[in-house]
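Visitor: Heads up: the protein sequence lines correspond to chains A and B, in order.
Take the first sequence: its letters are residues 1 to 769, numbered as in the numbering used here.
Take the second sequence: its letters are residues 1 to 769, numbered as in the numbering used here.
Just so you know, the hints here were simulated from the structure itself, not pulled from any lab data.
You may find that some hints are simply not true.
[To be verified] Listed next, with one range per pair, are the computed distances between beta-carbon atoms:
| # | chain 1 | residue 1 | chain 2 | residue 2 | range |
| --- | --- | --- | --- | --- | --- |
| 1 | B | Lys63 | A | Glu632 | 47 to 57 Å |
| 2 | A | Ser60 | B | Ala387 | 46 to 56 Å |
| 3 | A | Glu764 | B | Val595 | 32 to 42 Å |
| 4 | B | Glu615 | A | Glu764 | 47 to 57 Å |
| 5 | A | Glu598 | B | Lys596 | 20 to 30 Å |
| 6 | B | Met338 | A | Pro319 | 20 to 30 Å |
| 7 | A | His601 | B | Pro335 | 51 to 61 Å |
| 8 | B | Met338 | A | Glu331 | 23 to 33 Å |
| 9 | B | Val595 | A | Pro395 | 51 to 61 Å |
[Claimed, not checked] Chain A is faced by these chain B residues, among others (derived, beta-carbon under 10 Å):
| # | residue |
| --- | --- |
| 10 | Leu45 |
| 11 | Val284 |
| 12 | Glu289 |
| 13 | Val545 |
| 14 | Val595 |
| 15 | Thr721 |
Backbone N, C-alpha and C fix where the C-beta goes; we use that ideal spot for every residue, glycine too.
Number of protein chains: 2
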Amino acid sequence: LLFSLGVTSMVNAGAMSGSGNLMDFLDEPFPDVGTYEDFHTIDWLREKSRDTDRHRKITSKSKESVWEFIKSLLDAWSGWVVMLLIGLLAGTLAGVIDLAVDWMTDLKEGVCLSAFWYSHEQCCWTSNETTFEDRDKCPLWQKWSELLVNQSEGASAYILNYLMYILWALLFAFLAVSLVRVFAPYACGSGIPEIKTILSGFIIRGYLGKWTLLIKTVTLVLVVSSGLSLGKEGPLVHVACCCGNFFSSLFSKYSKNEGKRREVLSAAAAAGVSVAFGAPIGGVLFSLEEVSYYFPLKTLWRSFFAALVAAFTLRSINPFGNSRLVLFYVEYHTPWYMAELFPFILLGVFGGLWGTLFIRCNIAWCRRRKTTRLGKYPVLEVIVVTAITAIIAYPNPYTRQSTSELISELFNDCGALESSQLCDYINDPNMTRPVDDIPDRPAGVGVYRAMWQLALALIFKIVVTIFTFGMKIPSGLFIPSMAVGAMAGRMVGIGVEQLAYHHHDWIIFRNWCRPGADCVTPGLYAMVGAAACLGGVTRMTVSLVVIMFELTGGLEYIVPLMAAAVTSKWVADAFGKEGIYEAHIHLNGYPFLDVKDEFTHRTLATDVMRPRRGEPPLSVLTQDSMTVEDVETLIKETDYNGFPVVVSRDSERLIGFAQRRELILAIKNARQRQEGIVSNSIMYFTEEPPELPANSPHPLKLRRILNLSPFTVTDHTPMETVVDIFRKLGLRQCLVTRSGRLLGIITKKDVLRHMAQMANQDPESIMFN
Amino acid sequence: LLFSLGVTSMVNAGAMSGSGNLMDFLDEPFPDVGTYEDFHTIDWLREKSRDTDRHRKITSKSKESVWEFIKSLLDAWSGWVVMLLIGLLAGTLAGVIDLAVDWMTDLKEGVCLSAFWYSHEQCCWTSNETTFEDRDKCPLWQKWSELLVNQSEGASAYILNYLMYILWALLFAFLAVSLVRVFAPYACGSGIPEIKTILSGFIIRGYLGKWTLLIKTVTLVLVVSSGLSLGKEGPLVHVACCCGNFFSSLFSKYSKNEGKRREVLSAAAAAGVSVAFGAPIGGVLFSLEEVSYYFPLKTLWRSFFAALVAAFTLRSINPFGNSRLVLFYVEYHTPWYMAELFPFILLGVFGGLWGTLFIRCNIAWCRRRKTTRLGKYPVLEVIVVTAITAIIAYPNPYTRQSTSELISELFNDCGALESSQLCDYINDPNMTRPVDDIPDRPAGVGVYRAMWQLALALIFKIVVTIFTFGMKIPSGLFIPSMAVGAMAGRMVGIGVEQLAYHHHDWIIFRNWCRPGADCVTPGLYAMVGAAACLGGVTRMTVSLVVIMFELTGGLEYIVPLMAAAVTSKWVADAFGKEGIYEAHIHLNGYPFLDVKDEFTHRTLATDVMRPRRGEPPLSVLTQDSMTVEDVETLIKETDYNGFPVVVSRDSERLIGFAQRRELILAIKNARQRQEGIVSNSIMYFTEEPPELPANSPHPLKLRRILNLSPFTVTDHTPMETVVDIFRKLGLRQCLVTRSGRLLGIITKKDVLRHMAQMANQDPESIMFN
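Work the whole structure out from these sequences, hints included.
Guide: Structure, rendered in structure tokens:
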């Protein structure tokens, strides 16, 4: 709204103006029109209006010639082309990252003799022993101890391998943190809080730049391989958004319009999740539920397209070597029973508590990092955390292996051929059964050992993740959260399974768990636990369940997942409404107007607008009585983004709004290029020049930079309505009037500060414009 | 916005007012506050504001006592309870409808001797011959000819069965149309256009009432069983919305707030699609993409919950007897190949053309029905169409069977045990292969016959569906559209298959279709064709693909489906942007402001507002100079829903907006209950009474019914912005000002008329307020 008319009239109203030649210079497009300064908020209505203008121009031109018609077709299709390109690049990058992580994770253990760039699995593909049990026996793959001192067993070999593991981890982590610090400071973190803020209409230059893309991709491989407790899923969303930003800068339709650009970025976020989990529908819903601010239906279709292209590109690269699309493919053979809802809901409660604990502790630690000397040694911090992680992780097989492998193992049902110690059950030699349908059996010694190791791993993961997330390296928390939940879930699952086996005459088990039946699937508990923990941290519900549904590919298990996800959300919400991303947004003071926050206070626009009582009156321009010098002084003395224009200081009747940027530009141009414009020339915004004394200098007409349709509310408007208007229309500022008189102004920052104040937070925590 | 402050101040500002006792009667809640008249548009901002007030009151009360706290908890949970109830009832109704349709469709053919309420399949469950081939041979199931004249073969038996088929069909159709006409005229049609309009904020009393629910459920069974070319999926959405409306009337949170009620209805629509196809995620996306207007995240979660509950209730009822959730369960064993994208895209083009043809012809026919004498004989029309359908349908096996069965057969891949004539291929006796992976074979005589019959059935379906949709019976068009596409698709699929078999040395087949390979799946073509045709008619994309994805349960076939759906949408959009639902909305003149329509014209608010040039000035109230009689005359002479209040007729400075309804009520109350209020009492809206001559009668204070925050735009605001504001904020009207002076008013109807005019349509086609 603001400014939109200014642009419209600039484009075509020249002929209507009486004093056209005086103002011709304004007919040339301004340089930098439509750009915003760094760390400023965009005006969605203005962007939309500019895009409609552009579209109108192209449509009317397209009737002129064939070439213009083709150009208009190209313009209409450019959206789909951008989506295709984003999908292709995001899918390729995800595939490359997967392959590189695979290789470098294995490099910590050993090296392939036939070709050093092979991962353990690739190295042994050519070998004859390719079953899971014999995976370690492939002769071409050599552990460091074998290679360096020719020993594969014994204490010294163990210690050598341990040291190599730590050394590689430290090397990777050091490289990563150095690269981030030197080349792309924005590449750290998961990026989702910032992307949420950017999508809501905030400018952070360089956050989605080419350097960030490159460095984040490289360092993501390094940090994941270093064995730190972090995941690559969140950063992949950032990487995909960087791709989106890159490709949208190739098309002027998107590069010159911050609103349209955000539509592309929303779709790119969907593509990111799509490749992270192999879940295109889940990705679109994630973008819709969690990340995006403005999500029209057109974006829905395009996001879906981008997500599909990305998923299929990834599948063509086939990094997991199994032509599966999904990260964790699971197939369960037994249904679940009503009575199991109780442990599932318990897991939901655990997930909610974990979410609360994680968010509180992590935010406290990040705040400490921001405010104390700790924040001055980011490299040291990463090195120390990596060292501690590596030292503690190596002895425990569940922390030594990569977190995705761990989750995959925990999710899996124990088949007949499973060699994992989690599947070390005591078989009944008399029983013969089909491979897929193994009855519940008593746990063997491996399962008991696994339970202890899992419990220790769980505690370790909980603690170390809190300190890891937020360091100056790329770090996602989907995978660590899921790992925490999967470990807890698997333990609960095994517990329930053994309880059902040993007490199948108990009334709760009697109906569905006869001896010899396969009634409990511990892998399903792991999956439910993972969903619960992820839900507790991020507060996703629908997209979470859909992602999990795409992993299992069956509607069967939606009810357990839904029960756990919703319980976890309720429990976590009881302790605080903010998910981890919103918490980080608040911590950083970004101007993010959350759609989920309901404003229920009873304040009015007059309580929020500035000037407050006792403050000096609002800086306004009058329509035909201020001189150029007056305006220049006003611009110099204030730092407002724009000034309301009123009929006169007495009547205070609002006629429009002038942007600071355009005012400066117009005056500068006029002083240089228009004759007779001096410091005491009168500036006027009306159609006709004011009547001036005979000897006064030539007046300066500025109607064309005046936005004649500024957005206004009355002083009695309830703030809940004002918040709603800001949110839905994406305003940057709004003028407050009473009976047509201008009283004050409310900016987005004022709204956010007021909301913070009402929620008993420090209003000064909102930092940007 | 409008009115919101009125309510707020009514609730708690009593103490602040100087003349409290005079106006005490206004502190009592108005009867009917917040209700709207039939065929009027609601004001979303006002509804939202009223809900926030209610919520605030409950929250502040909840701290007073334990009982109030429990009540506040119940209130917070009532949303989930409503969703649970909707899911349960919608699932149950869908199950009952499925069972009843099954039975009554078979009743047209014969009857079960063991129990007449068994369908053919249920009847033969106990029989020994239960394979598909022997299905007809079950002795307990008797065709009418067997039962009545003891003949099962021969011409006379055929004619008798033919007659019985027609008779039953006519009986069912006559019953259905009579029930609809007598008890619930709103039960006809698919209901989706009206539900879209209702969800966008329009009141149609009784459209979602209990009678409609009951009659629509019963008649839906009747019309589907009668063999008419219609489906039950659209009407199921209407049925589910009726359930939603019923349950929301049980909770005052929803029954008293039209905005909140629409949140429930959105979720109910998702539940409806969820049970119609067994696709909960598709249902939620359908509600989001196709039906809903205001879809906050909270509604997303709740819709998902309702859709899940509904799906699982339906599965527990298990109407298909196979414990599958989905309507058409398919499993394909061969992947698709890149070269197949060409026929898939051709099917997309066919779907788009079919969509255009159907929409144009159907709308033309419906318009003729509305405007000519044809519309006066709805019963006769139904009888005639049913008779023609039954007469033509019976001889062709593909039109005789129910449309869902037909689609199911067309979707299915030819397994080794398939007995359908579509699978009558010539087997190579030398070839032994696993059951699932049958190589491409030459078509047998059955396939050739099937192709002819399918072609005839296709033409018949295309023609008859155009005349069926829109009659005064419940009728959905998902199933007929899918049938058209499935028939076309299967034919194309068989064609490609035979081409590939006979010409496997052609360059396009050489790479992927060696002799003896199973390279073409005609069932997949049927599915792609169905998606394309459904997409052409409804213009769904994402939800369509997701529904299809849930049917097949695999990501494998998303690309063909997506390609066909998008092609079909593009082709259909090239001939006209409107889907069938929007076309029917326009035909009926509902005030529906489509989110998808982009307004790109360059008009300003001043061109749209009323009064136009030459019209008498806007009817306004002045803040302190009109008498009660003046206002009563104004109310009597105009039929506006409300009047702007200005400082004086000279200054025309706007101070607020008063609703007609409240004005009438306030004056009536004051005249009855306040002393000294006579016809020439001055009415004032200011805080303090105006200074009056000594002998003037007692003035009437009406500040509390004044909405102090009416929504305003300036006369220079571009209409695209105004449309955006109306759409996003759900306004009912908006005042137009210039420099604080009131110029005119724009209502939703004005906006819709202006949009119709700009699109070269008749603005008078917008009929309601």
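Visitor: For Lys63 of chain B and Glu632 of chain A, compare the CB-CB distance with the range 47 to 57 Å and indicate the outcome.
Guide: holds, 56 Å
Visitor: Note whether the CB distance of Glu598 of chain A and Lys596 of chain B lies within 20 to 30 Å or breaks it.
Guide: holds, 28 Å
Visitor: Regarding Val595 of chain B and Pro395 of chain A, is the given constraint of 51 to 61 Å on their beta-carbon distance met?
Guide: holds, 58 Å
Visitor: Next item in the hint list is Leu45 of chain B. Is there a CB on chain A closer than 10 Å to its CB?
Guide: Since chain A brings a Cβ to about 6 Å from Leu45 of chain B, closer than 10 Å, the hint holds.
Visitor: Measuring from beta carbon to beta carbon, are Met338 of chain B and Pro319 of chain A in 20 to 30 Å?
Guide: Given about 21 Å between the Cβ atoms, the range holds.
Visitor: Can you verify the interface hint for Glu289 of chain B: is its Cβ closer than 10 Å to any Cβ in chain A?
Guide: Holds: closest Cβ of chain A sits about 6 Å from Glu289 of chain B, inside 10 Å.
Visitor: Would you check whether Val284 of chain B satisfies its interface hint, that is, whether its CB is within less than 10 Å of any CB in chain A?
Guide: holds, 7 Å
Visitor: Per the hint of 32 to 42 Å, is the separation of the Cβ atoms of Glu764 of chain A and Val595 of chain B within bounds?
Guide: Given a distance of about 39 Å, which is inside 32 to 42 Å, the answer is holds.
Visitor: Is 51 to 61 Å a correct range for the gap between the Cβ atoms of His601 of chain A and Pro335 of chain B?
Guide: holds, 58 Å
Visitor: Using the C-beta atoms of Met338 of chain B and Glu331 of chain A, is the stated range 23 to 33 Å upheld?
Guide: holds, 28 Å
Visitor: For the range 47 to 57 Å, tell me whether the beta carbons of Glu615 of chain B and Glu764 of chain A fit it or not.
Guide: holds, 53 Å
Visitor: Does Val545 of chain B pass the interface hint, meaning its C-beta sits closer than 10 Å to a C-beta of chain A?
Guide: holds, 7 Å
Of the numbered hints stated above, none is contradicted by the structure.
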